[in-house]
Amino acid sequence: MIADYFEPESISEVVSLLDRFGDDGCVVGGGQSLLVMMRHGLVSPRYLVSLKKVAGLSGIQESPDGDLTIGAMTTHRDVHRSSLLQRRTPVLCQAAAKVGSTPIRNLGTIAGNICHNELGGDPPGALLVLDSRAVCVSATGERNVPLAQFFTGYFETALRPGEVVKAIEIPSPPSDMAGIYLKHVIRSGDLAIVGVAVLLGLESDGKHYREVRIGLGGVAPVPLRAHKAEAILRGNEISDGVLKNVAEAVMSEVDPITDAHGTAEYRRKMVAVFVKRAIRQATEMALQKGKNS
Amino acid sequence: MKRPTKLRVNGQDVEVWIEPDDLLLDVLREKLGLTGARRGCETSYCGACSVILEDKLVHSCLVLAWSAIGQEITTIEGLEVGGKLHPLQEAFIQYGAFQCGYCTPAMILAGKALLDENPHPTEEEVKKSLDGNLCRCTGYQRIIQAISAAAAGKI
Amino acid sequence: MEQEFKVIGYPIPRLDSREIVTGKVTFGVDVALPGMLFGKVVRSPIPHGRILSIDVSEAERLPGVVAVVTAKDVPGNRFGFALKDETVFAVDKVRYIGDAVAAVAASDEKTAEKAAGLIRVEYDELPAVFDPVEAMRGDAPLVHPAMSTYETARLLKGAWKPVSGSNIVHRAEFAKGDVEKGFKEADLIFEDIFTTSQIHHCYIEPHAVVAKADFERITVWSCTQQPFPLRSCLAGIFGLPESKVRVISTKVGGGFGGKIAPRLEPYAVALSMKSGRPVKMVMTRIEEFSASAGSAPAITTIKTGVRNDGRLVAREMILVYDGGAYAEGLPPSNRALKDSSGPYNIPHIKIISTLVYTNKLRATPLRGLGVPEAMWAVESQMDMIARKLGVDPVEFRLMNALDEGDIGPTGEVVRSVSVKSCLRKAADAIGWGASKDRPLRGRAVVAIHKSPTTYGSMSGVVVSVNEDGSIGLFVGASDIGQGSDTVLAQIAAEELGVSLNEVSITSGDTASSPFDQGTFSSRVTLYTGTAVRNAVQDVKKRIKEIASRMLEVSEDDLDVGSKCVFVAGVPEKRVSFQDIAAHCHTYEGVILGKGWAGGQGDWPGLAHRKGAKEAAPGWKYGAQAVEVEVEPETGIVRVLKLVSVHDVGRAINPLAVKGQIEGGAIMGMSFGLFEELVYDQGKILNPTFMDYKIPTAMEIPVIIPIVVEQPLPQGPFGAKGIGELSILGIAPAIANAIYDAVGVRIKDLPLKPERILAALEEKGG
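Chains as they are written, first to last, in this note's numbering: chain A, 3 to 295; chain B, 5 to 159; chain C, -5 to 759.
With the rest of the complex left out, here is chain A:
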């Protein structure tokens, strides 16, 4: 039973209210995850602190160095449609386009999504390959948490009590890297059985991988980077043979569950299939980029 709600206009007011209410208070962004949890009695806040009217939480900015800042309250729809992000981080736009369904994307926010950290969510993998950081604010100050450390368990994050995500920062994505997000579902609207984000760049000879980043969702307690698989590709030649090793590596790095959507074994097999696909497609794109530049 919500006793009251607040619509502060500054982030400092937000954190001050959260500090005051402690466990009884909760922020609400787009509400697309929170309200479901409330309906099922999983959370029962007495006070809601809305982020809707807080200045500076929406919008996507680019610094002179090319670093990107995405306001916490930016909806998946706006992430997907942002021409700036489509140019600079297409992998994130593709991921945002795959979240849930149209109405969910219309209201759901990027920060809400990472704070909820539901298994099979789409943005986390893409944000991981972009080396993103969550800018977290509390009454005691501000800190940047690399997303790789932000996710700590099923529905768990590194957010401390009284802390709220203000924005997501993406260090200037290299323009010669190609990114793709692939989502495997059995039916539209499902959470990913496997979500694979790949961002890679080739050496100037167009035959070797310079940098490879693989972000995975739906296959472990947290979204993660497939470091072993990445290491195999870095510096290696583009070939089908190396992809076989990558598939094996990635299967060993994941820890999927069995649920009504699929068995752990199926998820493991699919992560291999989709990592290979994503790398092939991203490689093609990178080669094209190389030709066009």
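Don't read these hints as lab results, they were simulated from the structure.
For glycine and all other residues, C-beta sits at the position ideal for the given N, C-alpha and C.
Please note: incorrect hints may appear among the correct ones.
To be verified - Incomplete in silico selection of chain C near chain B, CB under 7 Å:
no. : residue
1   : Glu199
2   : Val547
3   : Gly653
Knowing the structure of chain A, use the given hints to seat chains B and C on it.
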């Protein structure tokens, strides 16, 4: 704690008393008698509760009523003007795009949100605009045809 | 020479179109009465256990709670629309996770929910059984130890064959010819086992009822598909005459068989009686998935003997249906005896159908009434046989398909048969035999049929003429969304020669129409439709009789048309309906017509009858085809194109007919590809739309509905109905198309990606 609240529904200002945890769906249904938006699930998957907020299709079961203050809310009841049905409503009738009718208001509003923004959608775009709305009776084909026909000005 | 129709046969928009597209329909959840309370059911969290105690004191003390009821507050009369094996609340023990033990009414939904959580029930857990094969073993815990004391509902008298002292609630056999002899004559014998999973109806409107009851009178607003049987049921439970019980069918937001049996009404009535106020109850979606009802999943062993030339000789099928905790699965398991073997000429047939109690969510009729499970086995195996024989699967079916005048699966002569023409049309429409655009694509064509209900299926109709000459039609069958109100009004209008908007139809209210068994088993167009026609013909007689006196002309010289009765050939010499009504109301009486129609068979005794007889009219035939694309890496199967051909006799409203075909076919596709209730020790793990998959618009193929009209002489203007048919063959068609694409055969539903992947890996070696 109830508060008197002004909402803007179907182009008109309405005053309602709402609680902080009232969902927009329940305020529309219980306090404003607008029962075209319906409940079919608890996990916001069925979409029978869909309404348009500003220009966006949303699940009203996932919108706290107070968060809709200051925004234009469009429900199915707002489509008919002066006794004249909206072309989408006419299209749904002509194409037999409903059977039990439970999901129909939501489907029509999904079509409206799409066409207001994208007047000439492809079939894929029409399907995508319905991806948050379930129907068990029709198999969707007629719904897609009705929206496409309305877009093509065939009504 | 086909006569020209004026009202039927046109794609007329439904009578309720405007209210549907403007959102002004009244569903059960929209009914509001002064002083109305909100009710919730308290359900067992364990699958099997004795109830030791129920403590409602804390719930009763919660502010806002007005009444709490348990078994001691209601009569313990057993009820059930098939077998009377249930009491309103579990009395001695609970039989599945979800079994009702108490109910509470409060001023609002949240309080009722909270109060329900405060009711403390103590159980002594008992060993439970979850698998039907295990449940049939001698040492299995008994779900209903007192089964031998139960009675059947009128519907199944003589048809119920329990195995006393076991969980086998029904085991019945039907035989035509001698299968052992047949198998000896066969050159090849195929024996396979097919299984299906339990699926859910997934109507988008959750169950919603409002009850206003005291100890003298009960009024219930309900989303029921069967207002009259519900009335009898409530009257029986609460000991009232039916004349004091009224059921008003609200608009039904989809039924598909899942709104036939009482689901909330008895609790709402009990709460209303105790509180003295109206009570509304609505199911949550989680409750729908976990505590209402699902289909009857079947394990089907099918043994078919065939000659080298491709002629089917013998078919034996053993179907074991998992009935869950209460025996609403009796009608489907019974229907299997007639329909299972498929629309083919098979001299020797034996069907053994078994329904077994388990400690799980009960089975109830789900679109197709047990026949989809049988068609899954038959139409899959037909392709397997064809391929083994080296015969084209369509040719194989054509070779064996029933023709007019053949002896059908029940040993009766079948008429109005159109399997072959439907097969040819389906094959043609899917592009059978044409090369495929891409690899990994497959096609399949299947044949389907369904029997009409032959008994326990009556409809009565009354027609009146209003003072302005317009028509009132009073029908007991509720429109559950398929458009029956419009179709029946069209039939009335056509018969009387008036336009559709002259007819107003009142339906689904037990206080305002004669008896109708209800809306299920694709029966309304055929039976209620015939009753409508009969009633209108009766009213025509009366009108002519009065007109003959007013015009002083013999009745034989009169015709009816344009809302008038006129002298044949002399249209100026006429009297309008309006004049007739005015004349009647002043001098003569009231203009009324009555009619009834229904299934006239005697199925339970069929096996003992000697000599072939005419089959009950109204067997429905069709053929379906799909084209699929398989993705071997992931096991994902996409249906690209779906064809569904049905002989409906006459399409009274082609718009409604095609809509039914398309919707049913997608349900069949979903049954084939996606749906299953996932259990763990009796607990359903996926009771939400997130985790239980039905398709969105993104998953649908191109759907091609094809209507064939071979008029049924006994149907209203030749109509047979459509209803359930299009769900029947899609699942086996998809499985056959998968085989066509990638050469793997899967015998278990659903055809989920993991199964396809596993089958491909096994094949690949």
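Right, here's what the structure says about each hint:
Below 7 Å, beta-carbon pairs count as interface contacts, and Glu199 (chain C) has one with chain B at about 5 Å; its hint therefore holds. Evaluation of the Val547 (chain C) hint against chain B yields a violated restraint, the C-beta minimum of about 43 Å exceeding 7 Å. The interface hint given for Gly653 (chain C) holds, since its Cβ lies 5 Å from the closest Cβ of chain B, which is under the 7 Å cut-off.
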